[in-house]
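Student: Listed below are the residues making up each chain.
Number of protein chains: 6
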Amino acid sequence: MTAKRPFDRAADSLRTVTLETGVNRYAEGSCLVAFGHTRVLVTASVEERVPPFLRGRGQGWVTAEYGMLPRATHTRGRREASEGKQSGRTQEIQRLIGRSLRAVVDMAALGERQISLDCDVIQADGGTRTAAITGAWVALRQATDLLVQEGMIARSPLLDQVAAVSCGVCQGVPVLDLEYEEDSNAEADANFVLTGAGDIVEIQATGEKRGFTRAEFEALFGLAEKGIGELFALQRAAAAA
Amino acid sequence: MTAKRPFDRAADSLRTVTLETGVNRYAEGSCLVAFGHTRVLVTASVEERVPPFLRGRGQGWVTAEYGMLPRATHTRGRREASEGKQSGRTQEIQRLIGRSLRAVVDMAALGERQISLDCDVIQADGGTRTAAITGAWVALRQATDLLVQEGMIARSPLLDQVAAVSCGVCQGVPVLDLEYEEDSNAEADANFVLTGAGDIVEIQATGEKRGFTRAEFEALFGLAEKGIGELFALQRAAAAA
Amino acid sequence: MTAKRPFDRAADSLRTVTLETGVNRYAEGSCLVAFGHTRVLVTASVEERVPPFLRGRGQGWVTAEYGMLPRATHTRGRREASEGKQSGRTQEIQRLIGRSLRAVVDMAALGERQISLDCDVIQADGGTRTAAITGAWVALRQATDLLVQEGMIARSPLLDQVAAVSCGVCQGVPVLDLEYEEDSNAEADANFVLTGAGDIVEIQATGEKRGFTRAEFEALFGLAEKGIGELFALQRAAAAA
Amino acid sequence: MTAKRPFDRAADSLRTVTLETGVNRYAEGSCLVAFGHTRVLVTASVEERVPPFLRGRGQGWVTAEYGMLPRATHTRGRREASEGKQSGRTQEIQRLIGRSLRAVVDMAALGERQISLDCDVIQADGGTRTAAITGAWVALRQATDLLVQEGMIARSPLLDQVAAVSCGVCQGVPVLDLEYEEDSNAEADANFVLTGAGDIVEIQATGEKRGFTRAEFEALFGLAEKGIGELFALQRAAAAA
Amino acid sequence: MTAKRPFDRAADSLRTVTLETGVNRYAEGSCLVAFGHTRVLVTASVEERVPPFLRGRGQGWVTAEYGMLPRATHTRGRREASEGKQSGRTQEIQRLIGRSLRAVVDMAALGERQISLDCDVIQADGGTRTAAITGAWVALRQATDLLVQEGMIARSPLLDQVAAVSCGVCQGVPVLDLEYEEDSNAEADANFVLTGAGDIVEIQATGEKRGFTRAEFEALFGLAEKGIGELFALQRAAAAA
Amino acid sequence: MTAKRPFDRAADSLRTVTLETGVNRYAEGSCLVAFGHTRVLVTASVEERVPPFLRGRGQGWVTAEYGMLPRATHTRGRREASEGKQSGRTQEIQRLIGRSLRAVVDMAALGERQISLDCDVIQADGGTRTAAITGAWVALRQATDLLVQEGMIARSPLLDQVAAVSCGVCQGVPVLDLEYEEDSNAEADANFVLTGAGDIVEIQATGEKRGFTRAEFEALFGLAEKGIGELFALQRAAAAA
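For the record, the sequence lines run as chains R, X, A, E, L and W.
Its first residue numbered 1, the first sequence is counted upward by one per residue in UniProt numbering.
Its first residue numbered 1, the second sequence is counted upward by one per residue in UniProt numbering.
Its first residue numbered 1, the third sequence is counted upward by one per residue in UniProt numbering.
Its first residue numbered 1, the fourth sequence is counted upward by one per residue in UniProt numbering.
Its first residue numbered 1, the fifth sequence is counted upward by one per residue in UniProt numbering.
Its first residue numbered 1, the sixth sequence is counted upward by one per residue in UniProt numbering.
Some hints could be false.
Computed footprint of chain A on chain E, listed as stretches where at least three residues anywhere in the stretch have a Cβ under 8 Å from a Cβ of chain A [claimed, not checked]:
(1) 90-104
(2) 195-203
Calculated from the model, a selection of chain W residues having no Cβ within reach of chain R, i.e. all distances over 10 Å [said to hold, decoys possible]:
(3) Arg79
(4) Asp118
(5) Met152
(6) Ala154
(7) Arg214
(8) Ala241
These are computed hints drawn from the structure, not numbers from a lab.
Virtual Cβ for every residue (Gly too), placed ideally from N, Cα, C.
Given these sequences and hints, build the entire structure.
Tutor: Listed below in structure tokens is the structure:
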């Protein structure tokens with residue numbers, strides 16, 4: 001059971017992934033993450049305030065916002081700011097990014113401050129939300145390291161790594177890291193967010209054209225574990241740079 | 001490894017589930033679904049039009065909207081209509097319900113018409129989105145049966161059943177069908193949407209307080225398969241009533 | 001001068017009216033009110049805060065919100081939450097409900113807290129606003145009785161009963177308690193809100209197809225007094241249950 | 001039973017009322033109406049289109065919009081355009097104005113066109129909605145006369161006059177045409193909209209501080225009939241000017 | 001090089017300009033400004049508060065809002081309040097008015113209070129924004145004089161006069177104070193805002209149909225200096241009235 | 001009269017300006033423009049439709065939208081999409097960009113299609129609107145060249161170049177191309193938009209802290225002419241690349 005992927009990529013291969021740091025001179029952390037043609041610019045901004053529901057409780061917060069430039073895609077989309085609202089898809093994605101990062105942060109160790117992760121898609125070719133999570137960890141790592149360096153906090157509030165990848169069943173074959181053309185024709189796809197310890201932070205699996213079997217799901221899970229392992233190594237390299 | 005559940009419910013037991021039909025005299029299909037204290041009123045409305053992106057293509061559409069009455073919960077929430085927008089959570093849920101039902105509908109057999117599933121939570125005690133999906137299938141079944149009876153379409157566009165349940169890890173123990181108090185203290189939880197054939201339509205798994213292991217996830221999956229099997233029987237009984 | 005009403009109802013007869021309490025396990029008061037096929041679910045929620053313009057003045061507030069489920073009507077309407085705003089009609093109705101209930105409440109006796117009356121129309125067959133007012137009094141009575149029982153306030157802030165009914169001129173004949181089909185064909189209609197003492201809280205009279213004469217108006221007023229008298233008895237029975 | 005009114009006005013006296021036409025060089029009809037210090041600028045705009053629900057039905061429509069300049073009142077209010085929405089009060093008032101004028105228009109005679117009545121309050125001292133209705137009739141009369149003069153329609157679609165006034169119970173005394181200070185202290189008030197034939201178009205009566213008796217209501221009704229009779233004469237004079 | 005202007009106006013002539021004060025009985029300052037058929041009602045409202053970014057800094061603020069009645073123009077425009085937002089044009093204009101007036105106010109001398117200038121266009125025939133600025137200075141002068149009279153501040157915070165006019169190139173000829181028909185056909189136009197001392201507060205020059213030469217621009221500048229000189233005299237006369 | 005500029009830049013020197021093309025693989029034209037640390041990503045998108053007011057008139061349209069990533073600035077700003085509206089500043093800027101580019105386009109030669117210029121600020125250090133205009137011309141040139149190459153149109157609709165720069169008076173000295181720190185302390189500043197032929201498209205001059213003299217204005221104009229001349233050379237080089 002084989003399917004020819006674009007550029008002859010193997011079923012269990014990631015696209016070329018790069019994590020470039022230092023791409024914004026003002027932000028406490030920043031990362032331009034690329035998965036093939038998908039490019040997401042992430043900044044981490046530290047603010048000395050927390051949302052109202054946390055005030056005075058001695059702990060911090062990590063949140064995320066997601067956006068896509070109108071011409072990040074093949075045809076121009078509408079600008080959400082001029083539409084007057086964020087789409088359901090945008091809100092769903094930014095909620096996912098925020099939850100994923102919060103899963104590896106010790107909020108008490110962060111202290112009463114907020115880190116906002118802005119994830120803006122410069123160019124989209126599938127997998128923007130998982131690229132955003134993967135890059136956001138790098139930006140968050142930089143921002144928290146900076147807080148430690150500056151003596152704002154005693155130790156890093158980062159408990160572990162977190163990274164994400166999408167997988168899908170295309171023409172019956174489970175494959176890793178879908179690009180846009182694969183994604184839009186996949187029978188089913190799933191986004192996996194895992195920690196460095198191998199624990200599940202989030203799984204979002206959807207049968208797009210048909211339901212998929214438990215066996216197929218297990219195959220996707222295996223691919224994700226392999227791919228995310230590679231992403232963890234890239235994250236560590238970027239953080240050490 | 002045991003945890004005492006409210007009302008001594010077994011780890012693999014559903015709450016009392018009822019699916020009452022005929023609860024709205026105007027709608028083409030309706031179902032008041034209860035999972036314990038959670039109660040969701042679902043109506044299926046047939047409209048002889050489709051969204052713009054489908055016009056003239058000879059196929060139908062199924063969509064869903066979700067709402068919660070302000071006092072469905074322990075403390076009064078704000079009314080989304082007076083807020084001027086639906087929350088990200090609401091949009092995420094109604095998108096999930098719509099996708100789940102579309103997975104079992106043959107859109108060409110439905111013809112160029114739309115069925116809207118309105119899912120309004122009258123009282124919330126955990127699991128409102130999975131209750132909504134389970135009840136929406138019953139309302140949708142009634143509406144499509146009516147279209148067949150009235151000779152609007154030749155055969156039912158419903159390809160299979162679909163139902164959903166939430167599971168979670170509470171104090172280390174995987175349990176089925178969380179009620180609110182369990183849900184808000186769970187370490188991790190997951191919503192499963194499966195078809196009558198046993199295929200996966202959607203999985204949304206989230207580590208709330210910590211990541212969870214693949215073994216825990218597999219245990220939740222098993223519980224979901226058991227619970228959803230029971231829901232399928234209740235759906236068939238309601239549809240036959 | 002006679003007109004045949006649906007189901008041979010007499011010109012001065014109410015539809016079957018029921019006021020069912022205890023329909024929400026969280027709210028401090030609740031009432032499912034039915035006038036024939038019209039059904040409105042009312043909850044009364046006590047909150048220990050008042051609107052900004054009343055803070056620190058030692059008195060309370062009663063407010064109301066009104067909504068209609070999309071398929072409460074013969075054909076599906078749009079959901080106001082997804083529209084992004086409440087219609088002028090909705091705002092007009094909820095302002096009326098709030099004013100009507102405030103007319104019988106001693107705000108100083110209520111203390112610095114707010115009671116919100118949420119009136120959600122489950123099914124609409126004419127007279128939803130008057131049904132809402134009539135049921136809201138029952139829910140409010142329960143909520144205020146609870147405050148007294150729990151020792152939060154020394155005595156009931158409820159000064160009197162308040163109830164409402166619609167009347168109209170149909171084919172030249174003044175009739176009580178219009179159902180939808182009558183309402184949409186009435187030459188003129190009026191909503192009356194009266195206190196137990198017989199005083200006027202609100203009258204909203206509108207010539208829909210033609211102006212109406214002062215004599216016709218007086219006839220409607222008489223019908224309303226009769227009908228509201230019967231509603232007061234039903235309210236007392238529901239409150240005593 | 002007497003109460004001293006500001007400027008020793010008699011209980012059954014209108015304030016000085018003026019209806020000045022020709023105040024906008026572009027509008028098909030216009031009227032600056034003053035009731036004492038209350039001043040409302042009304043324009044009638046003819047447009048050769050009707051709302052979607054009337055298209056192709058060979059009949060016209062009359063609608064109204066209402067606004068208040070931010071400093072029309074003693075203290076500056078917020079500008080609704082910058083707030084991003086019209087208040088419930090504004091919507092309620094403009095719906096009332098529209099219904100009132102439609103009551104005296106033969107929509108078939110108007111033909112498939114719309115007349116919009118814009119009522120903008122330049123200065124507010126009570127009774128803005130009733131002043132707006134009274135002035136809007138004059139502007140509408142001018143616009144419909146113009147349509148007849150220009151041969152667009154064969155005969156005037158105006159069936160009768162319509163005018164409005166507010167009355168209230170102040171310190172126990174029924175009085176005509178409340179100014180702001182009276183209005184804000186009235187025990188009860190009512191707006192009456194009547195036709196030249198003496199028929200009721202709208203009554204909106206509200207017990208502000210207490211319910212009011214049927215006898216008080218009848219007294220207000222009598223005052224309104226007297227005052228509106230005087231307004232009809234002023235309207236005819238303005239239309240003849 | 002000559003072009004015939006409407007009403008044979010000379011290229012360097014203003015339309016008839018009037019500045020009428022005392023047109024609102026509640027506002028601390030008010031001015032009805034007319035440039036030919038263009039009429040703008042300006043009120044100045046003093047409020048004992050400042051925007052959040054200025055609190056506690058011992059200085060004041062001057063801000064402006066701009067609106068246009070729907071039938072101020074030849075054909076009826078949409079009401080921004082019912083549209084739910086101010087247009088980009090409206091926001092641009094009110095920002096310009098605010099900046100222009102702030103340029104001649106000593107904010108420390110004003111003290112911690114805000115003056116809001118509401119500029120509402122009653123009738124539009126070109127040059128509404130420059131008329132608004134010119135009239136707003138008069139209203140602001142009245143309001144600040146009143147603060148001095150009432151002993152709220154020791155001396156006037158007004159440092160100088162400010163006035164504005166539009167100029168344009170019509171059929172190749174530079175002309176002063178465009179009316180609507182000229183403005184909509186101009187090749188280029190420019191708004192000049194100058195102080196009594198002759199300094200530039202704002203210039204907004206736009207090539208509408210083609211770019212314009214520096215020589216043309218200089219000619220417009222000269223016309224503006226002449227016209228604004230005349231406006232300053234009218235402002236002083238109005239302020240002295 | 002000299003003032004030390006950051007990095008010892010001469011009063012009449014531009015910052016380092018780069019215009020990088022080919023930065024988006026989907027857009028018909030794209031340019032990443034940098035003026036020192038200011039970086040704006042511009043894409044030109046061709047769409048085979050025009051706005052409603054131009055339909056069927058055989059001519060095209062050019063429009064622009066502007067946005068700023070939340071952390072483009074020293075401290076994080078709010079995301080306009082989540083705010084639910086574009087600020088007045090944003091709308092003012094995007095209107096300016098659109099007008100500036102339209103000034104050099106022959107709309108009939110473009111044919112009935114629209115080109116949208118999306119200008120997104122990645123990093124802001126002053127002069128974002130003028131950088132956007134300068135880069136947008138390059139992206140527009142690419143998009144129109146592509147239309148010619150593909151035979152969609154017979155000849156280029158671009159009539160000339162257009163570029164822009166800001167100038168200001170800082171500590172009494174007129175200087176070219178302000179960076180953020182200069183801009184926020186300038187006594188006055190002005191944005192100039194000129195064509196290749198030297199004609200004025202737009203001038204927006206504002207006295208920020210004080211009015212400025214006509215002599216100062218003329219000095220700024222001279223600096224702008226010099227700087228824009230250099231920008232034209234860079235645009236031609238980028239277009240030829």
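Student: None of the hints should be skipped; say for each whether it holds.
Tutor: For each hint, the structure was consulted:
Requiring three or more residues with a Cβ within less than 8 Å of a Cβ of chain A, the coverage given for the segment 90-104 of chain E holds, as 6 such residues are present. Under the rule that three or more residues need a Cβ within less than 8 Å of chain A, the assignment of the segment 195-203 of chain E holds, with 8 such residues. With a least CB separation of 5 Å from chain R, W:Arg79 falls inside the 10 Å interface cut-off, contrary to its annotation. A Cβ of chain R approaches the Cβ of W:Asp118 within 10 Å, the least distance being about 5 Å, so the stated non-interface status is violated.
The non-interface label for W:Met152 is consistent with chain R: the shortest C-beta to C-beta separation is roughly 16 Å, beyond 10 Å. Its beta-carbon lying about 25 Å from the closest one in chain R, W:Ala154 satisfies the requirement of being farther than 10 Å from that chain. Annotated as non-interface, W:Arg214 keeps its C-beta farther than 10 Å from every C-beta of chain R; the closest such distance is 38 Å. Look at W:Ala241: its CB is around 20 Å from the nearest CB on chain R, clear of 10 Å, so calling it non-interface holds up.
Violated hints, in rising order: 3 and 4; the structure is consistent with all others.
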